[in-house]
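I would like the entire structure built from these sequences, with the hints used as guidance.
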Amino acid sequence: MTEVFDPEIPVLNAVELGIVRHVRYDDQTLVVVITPTYSGCPAMRTIEEDIIEILKEKGVANYRVDTTLTPAWTTDWMTDEAREKLVREGIAPPQKGSADKGLLMGRIRDVKCPRCGSHDTAMISQFGSTACKSLYKCAECLEPFDYFKCI
Amino acid sequence: MQDNKYNFVLRLADDALILGQRLSEWCGHGPVLEEDIALSNTSLDYIGQATNLFKYAAELAADGRDEDALAFLRQESEYKNLLMLELPNGDYAFTIARQYLYSSFTLLYLTELANSSDSLLKGYAEKSIKEVRYHVQHASDWVLRMGDGTEESHNRIQTAIQQIWSYSGEFFEMDEVDQKAVDEGYGVDKASLRDAWQKAVTATLTEATLQVPESGWNQSGGRSGRHTEHMGFLLAEMQYLQRAYPGARW
Chain A
1 MTEVFDPEIP VLNAVELGIV RHVRYDDQTL VVVITPTYSG CPAMRTIEED
51 IIEILKEKGV ANYRVDTTLT PAWTTDWMTD EAREKLVREG IAPPQKGSAD
101 KGLLMGRIRD VKCPRCGSHD TAMISQFGST ACKSLYKCAE CLEPFDYFKC
151 I
Chain B
1 MQDNKYNFVL RLADDALILG QRLSEWCGHG PVLEEDIALS NTSLDYIGQA
51 TNLFKYAAEL AADGRDEDAL AFLRQESEYK NLLMLELPNG DYAFTIARQY
101 LYSSFTLLYL TELANSSDSL LKGYAEKSIK EVRYHVQHAS DWVLRMGDGT
151 EESHNRIQTA IQQIWSYSGE FFEMDEVDQK AVDEGYGVDK ASLRDAWQKA
201 VTATLTEATL QVPESGWNQS GGRSGRHTEH MGFLLAEMQY LQRAYPGARW
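Those sequence lines, one after another, are chains A and B.
Note that our numbering has the first sequence beginning at 1, numbered continuously upward.
Note that our numbering has the second sequence beginning at 1, numbered continuously upward.
A portion of the hints provided could be inaccurate.
[Stated by the list, open to error] Computed footprint of chain B on chain A; a stretch qualifies when at least three of its residues, placed anywhere within it, have a C-beta under 8 Å from a C-beta of chain B:
#1 8-19
#2 62-70
#3 119-128
Treat the hints as calculated values from the structure; they're not laboratory data.
Note that CB positions come from ideal geometry on N, CA and C, so glycine has one too.
So, in C-alpha cells, the structure goes:
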C-alpha cells in the first residue's frame, strides 16, 4: 500500500495520508478498507484503481476494496514523516488538533512558510488547488504557497 | 419502514446534487480566480456528498437502480430537493446569500444528524460537517464583506437576501417522512433548529449592516416534487449525457 501515491500530492503514499484504514483477510478475500479525505475528492477513484493494480501485480487473486466514511478522515492521522515530506514539497502541513473547532473557526492559525520558515503569512483563499488545501502567501519571501487545511 | 428511510435519504441526496450542479456552473465564470476555485471546490464537496447518499439510497431501494440511475434518470417530479437550491445562480451576491443561509442551516442539521441511530447517516453527517464548516466560513466572510462594503455591494447582497428569504422556511418544514424518521431515531427535528438558525443569521447580517427580512409566507413544494420553472432547464443540462448516451462512462 505504500507504493500507491496520491495523484495530486505524489510525495505522499496512501498509508502516510491515512487513506488506507485496514488491510485484512475476510475468509480467502483480501480486503483493503479506504476512506476519502473529502467527500468529493477526485483522487479516490484513481487511488482505488492503483490499489487494485498493485494487488494484481503482487499475485493476489481474491481482493476487494471497501470504502468507509467512519471514522471521518482527519488530518491528525498524517504522520510526522508525511508532514516533513509536505514541507519539502513546498506545502505547509496541517496543524495538529483539527478537532478543535475554535481553531478552525477562530482564524488564529499560525502557518509557517514552507520556503523561508517565516510566520508572517496570510491566507489568500480558503480554497486552493485541491479540495484539501488553502492558498497562502508569505509576507517575508513573497512566495504564494499551499496549506494543507485541517479537517 | 425501508421506504421511509429511502425517501429520507433521497431528499438529502437531491439537495446535495442540485446545489452541487448549480455551483458547478460557476466553474470558469467566477468573479476572481480564487472565488472560481472556492465555488468549484464547494460544488465538489456537495457532489461527493450526493454520491455517498445516492449509493445508500440505491442500497435501500434494492430495485436494481444504482447511484447514477438515481442521480440522472429520474423525472422532474421525482426530485425532492429544496426549492432554494434549484434557483439560478443570479449574481455573485445571490449565490453567496444562498450559500450563507443554506450552509448555516446545514451545519445545525448535520450536528443533529451526527446523533442518528443509523450508522451510515451518522457517518455521512460526521464527514460532511467538516466540509460544511468551511462553506459557512467562506459564505459569511463574503456576506460581511459585501454588506459592510461599498454602496453597490451592500445593495446587491441586501437585495439577494430579500429575494431568497422566503425560500428558507422550507428548511424547517416537517412532514410525515421527517416525523417518522425522528420517531424511528434516525432523523432530525428540523423545526427545532429554527431559533438557533435565526439567531446565527441575525448576528451575521447585523454585523454586515444588513436588514434581516421579516419571515412570513414561505415558498414550499420541493419535498413533494413540485418545482420552480427553473428545474426543468437544470435537469436538461445535467441529464443530457446520460439520456443521449445511456450508460456512458469515462
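Legend entry - Given coverage of the region 119-128 of chain A by chain B, tested with a Cβ cutoff of 8 Å and a minimum of 3 residues: holds (count 5)
Legend entry - Verdict on chain B covering the region 8-19 of chain A, criterion of 3 CB contacts below 8 Å: violated (count 0)
Inset, instruction - Examine the region 62-70 of chain A: at least three residues should have C-beta closer than 8 Å to a C-beta of chain B. - result: holds (count 3)
Consistency note: the structure conflicts with earlier hint 1 alone.
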